[in-house]
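Below, each chain spelled out in residue letters.
There are 2 protein chains.
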Amino acid sequence: MPGHNMRAEIIAVGSELLTPDHCDTNSLLITERLNQAGFAVHLKSVVGDRSDDIAALVRAALRRSDFVVICGGLGPTEDDLTRRAVAGALGRQLSVNAPLLEQLRVLFARRGYPMRPINERQAEVIEGAEVLENAVGTAPGLWLQEGGVQIVLLPGPPRELSPMMENHVLPRALKLGAGRHLVKQSFRVLGMTESEVDSRIAPIYTQYPQVDTTILASRGYIGIRLHQWAGAWEQTGAIEDLACRIERALGSAIFTRTDDSLEEVVGRLLRQSGRTLAVAESCTAGMIGCAITRIPGSSDYFLGGILCYSDDIKERLCGVPGNLLCKHGAVSAEVAEALAEGVRLATGSSTGLSVTGIAGPGGGSPEKPVGLVYVGLADGSRVVNRRRVLPGDRALIRERASYAALAFLYQHIIAARNAGQP
Amino acid sequence: MPGHNMRAEIIAVGSELLTPDHCDTNSLLITERLNQAGFAVHLKSVVGDRSDDIAALVRAALRRSDFVVICGGLGPTEDDLTRRAVAGALGRQLSVNAPLLEQLRVLFARRGYPMRPINERQAEVIEGAEVLENAVGTAPGLWLQEGGVQIVLLPGPPRELSPMMENHVLPRALKLGAGRHLVKQSFRVLGMTESEVDSRIAPIYTQYPQVDTTILASRGYIGIRLHQWAGAWEQTGAIEDLACRIERALGSAIFTRTDDSLEEVVGRLLRQSGRTLAVAESCTAGMIGCAITRIPGSSDYFLGGILCYSDDIKERLCGVPGNLLCKHGAVSAEVAEALAEGVRLATGSSTGLSVTGIAGPGGGSPEKPVGLVYVGLADGSRVVNRRRVLPGDRALIRERASYAALAFLYQHIIAARNAGQP
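Chains as they are written, first to last, in numbering that gives the first Met the number 0: chain Z, 0 to 421; chain G, 0 to 421.
Hints in this document: simulated from the structure, not taken from any laboratory. Mixed in with the good hints there might be a few duds.
Unchecked claim - Listing some non-contacts, in silico: residues in chain Z with all C-beta distances to chain G over 12 Å:
hint, residue
1, ARG83
2, VAL95
3, GLY136
4, GLY146
5, ALA237
6, GLY419
Stated by the list, open to error - On the chain G side, residues computed to face chain Z include the following (Cβ under 8 Å):
hint, residue
7, VAL40
8, GLU280
9, MET286
10, ARG293
11, GLY303
Keep in mind the model is a prediction, meaning the values are calculated, not measured. Beta carbons are placed, not taken as given, at the ideal position from N, Cα and C, and that holds for glycine.
Isolated chain Z (complex conformation) (with noise of 0.2 Å):
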C-alpha cells in the first residue's frame, strides 16, 4: 500500500498494569520497532489478567488493525492466561508442543530448578502459530495469522521482550511492512531556547512539509525531531538536505545529531583535549559528578571533586576565603568562581567547574530568588562565572543547575577548540 501506513495495535495484558504503581512501558519499545518496519501503531491497550477481557480485545483487533502485538501473561501460572484467551478468541486449539516441552526440561535441568507440572504450560502451542525463540526465560513468543491479520505474543519482561522484538519481530514485520520505514534525524541544541531555535529553523523546515519536525524543550536542551515515512522506492533526500541545512544554521549549538546524552558529549570533549576535570557541587549536591561518571571509562578524564553544601566546606575544603562568604554570600559570581579555582586547585585537575544556587523551596529573598543559580569555571589561565535564574521546583532547579554546568563546560571547550587551543 504505497503511500499508506500498516495498521498496528498493541496489547498489554497484567493487572498490575491496571494498579496506580505500574505504567506500560513495553510499548514504547514495541512501537519504535514497528515504526521502523514501516506500521504505525493506532491503538494500545492495557488489560488485566482475565480470559474474556483479552478475548474481547483480540476479536476487536483482528476488525481493526493489520498487526497485533500482544505481551505479557505468557508465565507458567494461574493468572497466565494470554495462550488460552487467543486460542478462545480465534476458536483455535491450544496443545502441548512435544519438541518445546523438550527444550523446557532441558533448560530447566541445565539452570537446576526443578521443574513442576504448571511449567508444561508454557510448552502449549495455539494450532498454526510458529514458536519464537525466547533466548532469556522459559516462556516462548506465538506468532499466527488470521485473515490476513499478523498476531504476535510475547512474554512481558522486558528484557526478554526487548532481544525478540529485535531478533524475530522486526525481521518478519520488516519483510511485512511493504518496504516503507520511518526515517528519523534529531538534534540536541544547546543555549537557545525553545522559541530561538523555532525562529531561526522555521523558515527551512516550512520547506520541506513532507518531513514531520517537531521542536521540543526538554530538561537541560531543546530537541529537534525529523521524521519521515517512506517506501523503498521513495526519495528520502528530503530528510538529509534538511537535517544538512539545519546543521549550518545552528553550528555548534547543536551537542549531538545522535541523541547523546551532553555528559556523554562532554566526556569525549575532555578526553580529546587532554583535560581533567573536577567538580564543586554546593546545591546539586553530587548530581553532576553522578551523571559524568555514569559513563564507562570516565576515570580517564573526571577525577572526584567536593559536595561544599555547608559554608564551612567551601572554606575548608575548597579554600574560598571567609570574607568573600561573608561579603557576597554563597550564591554568588565571586564564591562560584573561587569554589571553581577552589577545587581545582584542591583536586590537582586541569578545569574546575563549580554550582552553588538556591533550590527552596526555603532560601530565597527579594535579592536573591529561589532558582539563583551561579556557574563557575577555571581551567587555569582565566575563571569565569554565568548567572542563571531557574525555574521550577527543587528538584527541576537542581537537574536545570546539573545541566546549565555542564553546557557550561561544554560551550567553553568548543569556544577553546575554535580558538586554536586544547
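Please arrange chain G on chain Z, whose structure you already have, making use of the hints.
Here is chain G on its own, set in the frame of chain Z:
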C-alpha cells in the same frame, strides 16, 4: 453492588502517546483516585488524535464500563478532537456555552494574551454535560451521563488534570461508588531478601484471605503492599490486624509505613539524633549526596563530602594512607573505613559514610568482580564496614551501592538508639 466493584476504564487521547517517546502516565493518577472511590480500572486505552478512533472507543466503553475517563484532546487546536468525537459518538449537539466563553475572555484578558477565534472552541459544551472548572488552564472538563454510564472529559496536562481529579471527579465518584473503597497499607523493608520477607510473613498473611498481600523487590528495599476492597458498612479491621502483626514480625527492618524514601527516613533520624553527616563517594560519585539533599532542609544535618573518584583524591582529600591503597586496593574494607573516617575528620562531621566499589563494565577480576562494593561508616567512636556483591549493570550497581550505604547508616543509627545511645 455490595461485594462487587464498579468497572471503570480510561482513554488517553494524543498521537504523541503512540510514539516510542511518550508514555501515558495520567492514568496512574486517575486510577488512584478511582480506586479510592470504589471503582476498579479494568481497561486502559491510548488513541491518537483521530475522531473516528476516539468515537469508536467511546461507543465500546459504553457497552462494558460503568465509568469512563477520557483525558487529552481538549485544547484549542485542530488536533484537539475529543469534545467533537464524544459528542458524535453519543449523538449529541456541541454548542458554545455563553457564560463559559465569557469566563475564557476574562481569563485571556487577565493573562494579557489575545483570544483568537480558535480558542472559542474551548467554550464548546456537549449537550447535557456539566462543566468542570479548570483552575490552572483554559480547557474546562465535562461530565456526562449516558444510559447509566458516567463519562468524564479532562484536559491532558498533568498539572491541570491532577487538581481536577482531586477536586471535581473524586468527590462525585465517591458518591457513585456505593461506598466501596480501597483500603491500603504499605511497608518498606531493609536488610532482607524478598524470600526472607515472604517466609517470615506468609504464615501471617495467609490467615487474611480478604486482604490482597503483595511482596515486591524494589531497588534498595523490599516493598509489602496490603490492599482490601471494602464497603462503608464492612469491617476493615482485617487489614489493620494484619498490618499490626506484620509490624511485630519485622520490627525495625521496616523503615517506613508511609512510603517515605530511605533518604527521608535517614534524614529524620540524623536530625533527631543531633548527628551531622558527610560522605566520601568513589564509585557512586555523588549519587548519595544527591539523594540526601533531595530533602528540603537537609542542610541541617548534611554538611557535604568528597567525590573521591581517583585514588589521588582518596589520598589527598580523604587522608587515606598511600600504603593502604597499595596493599589492599581502592576497593577494600580497609580503604572504605579509611574513607569514612577521613571524610569525617576533613569535614568536621559527626558521622562519615563511604562507598568504594567496581561499577563495571570494566575493572573486574576473579578476586574483585564487577559489583563488589564496600561501605564504610565512622561515628567518632568506631569505624565499621560492610561488603556486598551487587548484581546488575553499571547504573544498577551504582544505585544499589547508594542504597546499601544509606541502609547501613539507617541500621547503625537504629542499633545505637536501641542500645540507648543518641
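The hints, checked one at a time:
1. For ARG83 (chain Z), the non-interface assignment is confirmed: its Cβ lies about 19 Å from the closest Cβ of chain G, beyond the 12 Å cut-off.
2. Every CB of chain G lies more than 12 Å from the CB of VAL95 (chain Z), the least distance being 30 Å, so the non-interface label holds.
3. With a closest Cβ-Cβ approach of about 16 Å to chain G, GLY136 (chain Z) is found to remain outside the 12 Å limit, as its non-interface label requires.
4. Every beta carbon of chain G lies more than 12 Å from that of GLY146 (chain Z), the smallest distance being close to 19 Å; the non-interface claim holds.
5. Even its closest Cβ contact with chain G, about 20 Å, leaves ALA237 (chain Z) beyond 12 Å, as expected for a residue assigned away from the interface.
6. Against chain G, the non-interface label of GLY419 (chain Z) holds: every CB pair exceeds 12 Å, the least being about 29 Å.
7. Interface restraint check: VAL40 (chain G) against chain Z, minimum CB-CB distance 5 Å, threshold 8 Å, status holds.
8. Annotation: interface hint on GLU280 (chain G) holds; nearest CB of chain Z at approximately 7 Å, less than 8 Å.
9. The criterion of a C-beta within 8 Å of any C-beta in chain Z is met by MET286 (chain G), whose closest approach is roughly 5 Å, and the hint holds.
10. For ARG293 (chain G), the interface hint holds, since its Cβ comes within 8 Å of a Cβ in chain Z; the closest pair sits about 7 Å apart.
11. A distance limit of 8 Å between C-beta atoms decides the matter here; for GLY303 (chain G) the minimum to chain Z is near 4 Å, and the interface restraint holds.
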